[in-house]
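Chains as they are written, first to last, in our numbering: chain A, 24 to 427; chain B, 24 to 427.
I should point out that these hints are in silico values taken from the structure, not numbers from a laboratory.
Treat the hints with care, as some may be off.
Since the list gives no way to pick one copy over another, a pair counts as held whenever it fits inside one copy or between any two copies.
Claimed, not checked - Here are the simulated lysine-lysine pairs, DSS-like style, with alpha carbons at most 25 Å apart: (1) K359 x K62; (2) K363 x K132; (3) K95 x K62; (4) K363 x K120; (5) K292 x K359; (6) K187 x K341; (7) K340 x K363; (8) K95 x K269; (9) K304 x K340; (10) K132 x K81; (11) K341 x K304; (12) K132 x K340; (13) K120 x K95; (14) K95 x K340; (15) K132 x K404; (16) K57 x K304; (17) K304 x K363; (18) K81 x K62; (19) K211 x K62; (20) K120 x K304.
None of the values given here were measured: they were computed from a predicted structure.
Number of protein chains: 2
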Amino acid sequence: MDVTIGRTNSHKNFFFKCRSCNFSYDHTLPSFVKTELSKIVGLESHQLERSFQRGNIKFYDSQGVNALQFRKRIHNIESGTMICFGDEIEVIRGFPKIRRTLMLSPTLKDHFTDEVAVEEKMNGYNVRIALVNGRIIAFTRGGYICPYTTRKAPEIMDMTDFFKDHPELVICGEMVGTENPYVTHYYKEIGSLGFRIFDLREKVTNQPMSLHDKRGMLEKYGLPSVRLFGIYGVDEAVFEVGGIIKNLEQTNREGVVMKDPQMQIPPLKYTSSHAHADELKYAFTYPFDFGRPFFFSRVIREGFQAYELDESGEDLKKRAQRLGEAILYPMLNTIKHVSKEKVAGEDLVIHVDSYEEAAEFVHHLQDLGVVATVHNFEDGKAVIRRIHQSTTDRITNYLRGGLY
Amino acid sequence: MDVTIGRTNSHKNFFFKCRSCNFSYDHTLPSFVKTELSKIVGLESHQLERSFQRGNIKFYDSQGVNALQFRKRIHNIESGTMICFGDEIEVIRGFPKIRRTLMLSPTLKDHFTDEVAVEEKMNGYNVRIALVNGRIIAFTRGGYICPYTTRKAPEIMDMTDFFKDHPELVICGEMVGTENPYVTHYYKEIGSLGFRIFDLREKVTNQPMSLHDKRGMLEKYGLPSVRLFGIYGVDEAVFEVGGIIKNLEQTNREGVVMKDPQMQIPPLKYTSSHAHADELKYAFTYPFDFGRPFFFSRVIREGFQAYELDESGEDLKKRAQRLGEAILYPMLNTIKHVSKEKVAGEDLVIHVDSYEEAAEFVHHLQDLGVVATVHNFEDGKAVIRRIHQSTTDRITNYLRGGLY
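My request is simple: use the sequences and hints to build the entire structure.
Okay, here's the thing in structure tokens:
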């Protein structure tokens with residue numbers, strides 16, 4: 024094992040580097056973990072030690088950043104938290120899980136006190152952007168540094184002044200559009216790639232700015248915010264959100280996040296039936312890779328939404344049809360596809376300057392356990408082919424007479 | 024711990040009795056388990072010992088039968104196997120799991136050699152009936168002795184002569200009809216309660232009789248057999264089964280079991296789309312009790328069936344509608360029901376001679392972990408109310424604003 028543990032020249036903090044493997048958890052723990060890290064994240068040293076042993080905290084080294092990655096939530100410290108070692112220790116906390124309500128009434132009135140701010144929840148992938156060692160770095164939900172997002176985010180929006188003035192802040196937002204490698208969705212105002220910010224949070228504490236301060240700050244630095252539908256009294260919020268969801272439904276948009284304007288109460292999310300259908304369609308395009316875990320929660324949401332909307336007759340029939348088609352049609356298409364000896368996979372388009380950049384991104388996907396290759400590179404456009412192996416293998420097996 | 028282990032007067036075999044608990048697994052193991060049992064079931068004594076320690080074999084005492092119950096499959100010995108201690112040791116092997124094919128072609132041709140016998144698979148509950156200590160006893164799939172089935176089966180069919188001549192055989196069949204406490208389904212030829220036999224198997228070895236011998240035997244003793252659609256050459260079987268399934272589909276019947284007439288090759292099952300929908304309807308009437316484990320396999324079957332039937336247009340649309348409604352409608356009904364402060368439960372009707380018999384059956388259900396009470400008893404008809412607690416609790420919680 025080739026581990027380097029030492030101090031940077033300029034500063035008293037530690038850094039780690041394992042040249043042979045990034046993610047091994049059986050390194051000898053440096054004393055830093057038990058002492059300083061314990062204080063920084065507010066966890067007991069034996070909790071940290073056990074988390075290392077269980078692989079819930081791992082060494083991470085990518086894109087020139089050495090870090091500790093929280094693979095699971097450990098007490099109050101979110102999964103996806105990164106402790107980055109550079110000239111200083113930078114703690115980029117994981118983005119907190121936003122809980123979902125199945126009912127708008129009575130939940131909104133019970134959960135919030137006075138007012139509810141309703142922002143759009145967009146269908147893309149969650150990104151945190153922060154200054155680490157003087158460089159703007161983009162982290163995915165799990166804490167991985169995404170080379171593509173790290174390169175693209177600054178092209179989409181200029182964060183230089185913002186981070187010059189506020190190096191202590193983390194930009195939390197959604198990367199959206201039709202040409203990204205994770206979650207593609209068409210928004211007419213976005214097109215191929217865009218970014219929308221929903222939170223500004225402090226490093227280390229993860230404290231979010233109030234809605235008012237956040238919006239002022241984003242306006243000041245010309246940074247793109249998610250849409251704010253309005254701030255409503257808790258009594259009118261159910262009615263207002265109901266209307267908003269109906270409109271989102273018609274334009275095939277995902278849903279809303281409802282927030283205490285002071286950000287003192289945890290936010291809640293609520294999504295449209297179209298969003299549930301879209302997610303089921305994707306899951307059942309690759310049923311043996313995603314079908315099982317995706318299914319149940321989305322179906323339950325449909326049941327409660329139909330109940331709250333007091334649906335019956337034609338509306339209910341349409342919802343059932345949409346649900347059944349979202350499950351059956353993509354599955355049937357994939358079975359047909361695989362029956363022609365083809366592989367169940369999807370092509371992701373990214374814009375890169377070179378073949379090497381595309382290959383670097385594929386390497387990043389492989390680190391995440393995704394089977395992918397650079398399928399094509401031409402005129403700055405790379406097609407990444409992602410293979411869904413379980414779906415391919417199991418459908419092939421059943422078509423050949425394999426037993427269930 | 025109050026365990027009695029001894030020998031019967033008449034015979035050299037052992038019996039066990041634990042008066043304080045039926046299912047504890049930490050009893051001191053009698054030497055019988057390591058020596059004689061090991062020989063009877065062909066398992067190593069350390070395998071048996073470990074299975075006891077893990078709770079995969081348990082002591083069982085009910086309806087005057089002392090036994091060892093295999094709660095899980097252990098090598099070749101099926102889950103549901105019962106080693107019954109009486110004047111002799113009787114080994115009632117578990118009913119083997121019948122594997123499913125998602126495709127008729129090429130599976131039938133690959134799996135069977137020459138001919139395929141196609142029998143109806145009925146929608147009821149699997150029962151094994153055998154002579155234990157001179158008494159006719161009915162076991163459920165898991166090996167539990169069902170007091171209701173034990174009492175009813177002899178009323179439905181006279182097995183006296185059969186068992187007098189063939190005490191070494193086990194009758195394997197399906198209890199069906201609208202008035203049974205497990206799986207109710209209306210069959211016009213059955214009505215409230217009936218029994219259909221699909222296998223005759225040897226005690227100890229679990230060897231099934233050939234189709235021809237079985238049918239001869241059932242005819243001789245006037246015992247009711249499941250329907251045999253026909254015996255087909257493997258080349259024509261796919262076409263024939265396709266037609267049979269289409270007819271079953273129209274009369275809302277479950278499906279078929281396909282067997283090698285000599286019973287040398289394991290049988291296969293294949294079911295109708297209506298059966299999948301019916302099972303989903305039941306599961307989503309109690310989504311938080313059954314929804315998750317039930318769902319996936321049934322949906323996958325629909326996908327492959329649609330593929331094999333080369334469905335498109337209106338037929339496919341109808342299948343999607345049926346699937347969506349089977350999931351959504353029962354769930355919505357249950358949410359509405361629970362919203363009126365009612366409990367999610369079902370009423371099972373059984374015919375008994377006394378309140379005590381009904382109470383005994385409820386006790387049996389409670390042994391299986393089912394929450395049930397005698398709701399009503401009048402004129403020999405008992406209504407057993409079965410409560411689905413998770414569904415009741417979780418729906419209540421979400422309706423009151425609980426977060427998902």
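Right, here's what the structure says about each hint:
Neither within a single protomer nor between protomers do K359 and K62 lie at most 25 Å apart by alpha-carbon distance, with minima of 56 Å and 51 Å respectively. Taking identical chains as interchangeable, the C-alpha atoms of K363 and K132 lie at most 25 Å apart only when they sit on different chains, with a minimum of 21 Å there against 54 Å within one chain. In this homomeric assembly, K95 and K62 come within 25 Å of each other (Cα to Cα) only inside a single copy, at 19 Å, whereas the closest approach across copies is 49 Å. Within a single copy, K363 and K120 get their C-alpha atoms no closer than 41 Å, and across copies no closer than 32 Å, so neither meets the 25 Å cut-off.
With identical chains, the CA atoms of K292 and K359 are at most 25 Å apart between copies only, with a shortest distance of 23 Å across copies and 36 Å within one. For the identical chains of this complex, K187 and K341 are neighbours neither inside a copy (52 Å) nor across copies (60 Å), given an alpha-carbon limit of 25 Å. In this assembly of identical chains, K340 and K363 lie within 25 Å of each other by CA distance solely across copies; the values are 24 Å between and 34 Å within a copy. Taking the shortest alpha-carbon separations for K95 and K269, neither the intra-copy value of 36 Å nor the inter-copy value of 50 Å comes in at or below 25 Å.
For the homomeric pair K304 and K340, the shortest alpha-carbon distances inside one copy (18 Å) and between copies (15 Å) are both at most 25 Å. Taking identical chains as interchangeable, the C-alpha atoms of K132 and K81 are never at most 25 Å apart, the minima being 41 Å within one chain and 52 Å between chains. Taking the closest pair of Cα atoms, K341 and K304 come within 25 Å of each other both inside a single copy (16 Å) and across two copies (18 Å). In this homomeric assembly, K132 and K340 never come within 25 Å of each other (Cα to Cα): the closest approach is 31 Å inside a single copy and 40 Å across copies.
In this homomeric assembly, K120 and K95 come within 25 Å of each other (Cα to Cα) only inside a single copy, at 12 Å, whereas the closest approach across copies is 38 Å. Neither within a single protomer nor between protomers do K95 and K340 lie at most 25 Å apart by alpha-carbon distance, with minima of 41 Å and 42 Å respectively. Within a single copy, K132 and K404 get their C-alpha atoms no closer than 48 Å, and across copies no closer than 48 Å, so neither meets the 25 Å cut-off. When the C-alpha separation of K57 and K304 is checked against a cutoff of 25 Å, the pair qualifies neither within a copy, at 46 Å, nor between copies, at 54 Å.
Taking identical chains as interchangeable, the C-alpha atoms of K304 and K363 lie at most 25 Å apart only when both belong to the same chain, with a minimum of 21 Å there against 34 Å between chains. In this homomeric assembly, K81 and K62 come within 25 Å of each other (Cα to Cα) only inside a single copy, at 18 Å, whereas the closest approach across copies is 51 Å. Proximity of K211 to K62 under the C-alpha cut-off of 25 Å is found in neither arrangement, the shortest distances being 47 Å within a copy and 73 Å between copies. Only within a single protomer do K120 and K304 lie at most 25 Å apart by alpha-carbon distance; the minimum there is 24 Å, versus 32 Å between protomers.
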